[in-house]
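Colleague: Produce the entire structure from the sequences given, and follow the hints as far as they go.
One letter stands for each residue in the lines below.
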Amino acid sequence: MEVKKILLSDDEIPRQWYNILSDIKMNPPLGPDGKPISAEQLAPVFPMNLIEQELSDKRWIDIPDEVLEVLKIWRATPLIRATGLEKALDTPARIYYKYEGASPPGSHKANTAVAQAYYNKEFGIKKLTTETGAGQWGSALSFACAHFGLECKVYMVKVSFEQKPYRKSMMGVWGGKCIPSPSSYTKAGREVLEKFPDSQGSLGIAISEAVEEAVSDTTGKTRYSLGSVLNHVMLHQTIIGLEAKKQMDKIGEYPDVIIGCAGGGSNFAGISFPFVLDKINGKDIDIYPVEPLACPTMTRAEFSYDHGDIAGYTPLLPMHSLGHTFMPAPIHAGGLRYHGMSPIVSQLIVEGLITPKAVNQLDSYEAGILCAKTEGIIPAPETNNALAYVVAEARKAREEGKEKVILFSWSGHGLIDLGSYDKYFEGKIIDCKPEDEELKRYSEILKNYPKPEIIKDYR
Amino acid sequence: MPNASILIKRCPMLGGEISFKYCETCGGNNLPCRKVMDCWQETFDIARYLKDTLTKEEFAAVMSSKNYSKISTIIAASEKNFK
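Protein chains in written order, with this note's numbering: chain A, 1 to 459; chain B, 1001 to 1083.
Careful: at least some of the hints might be erroneous.
[As the list claims (entries may be wrong)] Cβ-Cβ distance ranges computed for the label pairs, FRET-style:
no. : chain 1 : residue 1 : chain 2 : residue 2 : range
1   : B       : N1030     : A       : E366      : 37 to 45 Å
2   : B       : M1037     : A       : D286      : 34 to 42 Å
3   : A       : S38       : B       : E1057     : 36 to 44 Å
4   : A       : K5        : B       : D1052     : 57 to 65 Å
5   : B       : M1037     : A       : P165      : 28 to 36 Å
6   : B       : D1052     : A       : E191      : 23 to 31 Å
7   : B       : D1052     : A       : G419      : 28 to 36 Å
8   : B       : A1047     : A       : D286      : 38 to 46 Å
9   : A       : I73       : B       : E1057     : 48 to 56 Å
10  : A       : S22       : B       : F1044     : 49 to 57 Å
11  : A       : G220      : B       : N1030     : 34 to 42 Å
12  : A       : G419      : B       : R1048     : 51 to 59 Å
By construction, these hints were calculated from the structure, which means they are not laboratory data.
Computed from a prediction, not measured in an experiment: that's the story for all the values here.
From the three backbone atoms N, C-alpha and C, an ideal C-beta is built for every residue, glycine too.
Modeller: Here you go:
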């Protein structure tokens, strides 16, 4: 019988995370004054043990037993061979995926939520605050806090809070307190409500409320938690790729191609970074982060220092950018909405270790629906971006007659985002692609900023 | 301009469907979102609509308004509130 899924027993789950910062050199993130930002600047917001992890260059970092105990609820996630998809595409490629939708909140985000909750507890923190747009991260953090006895308060943008009652319910079941933002709990929220009582909120207001609540707690027992962008978030996600290596080894396979959707970069980091290490050590692998064509930060932009915001307000980070005034076109993958890619992922592109790809929305939904029909699982909209490129690679393998092994991360299920599929079926999903002239205009702005030293160690 | 109450679009920041009415007021000071032009330009003449409904100063404010990413907003809120 053909193998469908490869599992790991609890005692085979990796005991360490892989820290890629030990193997690549990075330009330091700079503050508004042009100087590298310090740990002290981050200390009011995050616990020092996580800040130390953020700055660590140690290659392997032990996963605490307490974290593993919680991760074991759903980890190791299965490595599944997509035999139905292979058959539908009539491809000689062997396609495998890590199913991260198996986590209780339904996506890979729980991997870092659990670790962050643990480290906060170890630091003596009693309460975590965060913001959430659609509710995915708020759900993951509520779940994690429940397991470590932490209070969790999630500021959810009011318009989403009213539209997505199931996310609020999920958080509530796990003990998380989900507050519609703007709220009367914070000065930031009250100021908005006083001026605009009917405000439906915004992500910026929700972040302001969550951070205010954390840093203004004079007992020092509250911190803020972020589920994307930062180095330690990428680190915690590497358990995905480390498990995949063990699982493929069990059946004598090794990937020729690795694919992951990439917005802020944490899902892609999770599946790919352990294999990037192999590539650094001489393995021949093609590694593709995939982004929406409507917001091409990796595939068509220059590498430059860029502010993470239009105001030029955030610390300067070396990243692939379209220029900080680039406004992403409306896309239908909630998790993929940052205009700047993770600095680590940007550096790997510069090194030539990974090759970014872009896909359009219609191809993504078509691939997602094909996978749902052939593999059974309805993908999260952002997962569909990876699926579209998997389908393209599988078709290429058929044309070339090559028996490639493709590995990708199925970052989450789409059961709480079915409205997006309805929109696709109703013909309301459209494709738009920035013109070269438009991108050139945006990138002009970057000329006023310092260019990072291009560090290339491996190519 | 079509009836604003029936214009629905998925918000790239929130990850959910919202009406144009929300986009008109979710920016700073209850002004339109800074992304309103990008999100709606393919649907109707949003530039014309904004020029017709906003004062010159308000229109200029929207066009030059700031995109506070997550990390920038976090740092700003921390520096403002840390005790």
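Colleague: Each hint: holds or not?
Modeller: Checked hints:
For B:N1030 paired with A:E366, a C-beta distance near 40 Å keeps the hint of 37 to 45 Å intact. Range check, B:M1037 to A:D286: Cβ separation about 38 Å, and the 34 to 42 Å hint holds. The hinted window of 36 to 44 Å between A:S38 and B:E1057 holds, with their beta carbons roughly 39 Å apart. The hinted window of 57 to 65 Å between A:K5 and B:D1052 holds, with their beta carbons roughly 58 Å apart.
The hint said 28 to 36 Å for the Cβ distance between B:M1037 and A:P165, and at roughly 31 Å that hint holds. At roughly 30 Å, the beta carbons of B:D1052 and A:E191 sit within the given window of 23 to 31 Å. Look at B:D1052 against A:G419: about 31 Å separates their beta carbons, and that is inside 28 to 36 Å. Between B:A1047 and A:D286 the CB atoms are about 43 Å apart, so this pair conforms to the stated range of 38 to 46 Å.
The hint said 48 to 56 Å for the Cβ distance between A:I73 and B:E1057, and at roughly 55 Å that hint holds. For A:S22 and B:F1044, the Cβ-Cβ distance of about 52 Å falls inside the hinted range of 49 to 57 Å, so the restraint holds. As the Cβ distance of A:G220 to B:N1030 is approximately 35 Å, the hint placing it in 34 to 42 Å holds. A beta carbon spacing of about 30 Å between A:G419 and B:R1048 contradicts the range 51 to 59 Å that was offered as a hint.
When the structure is compared with the earlier hints, a violation turns up for hint 12 alone.
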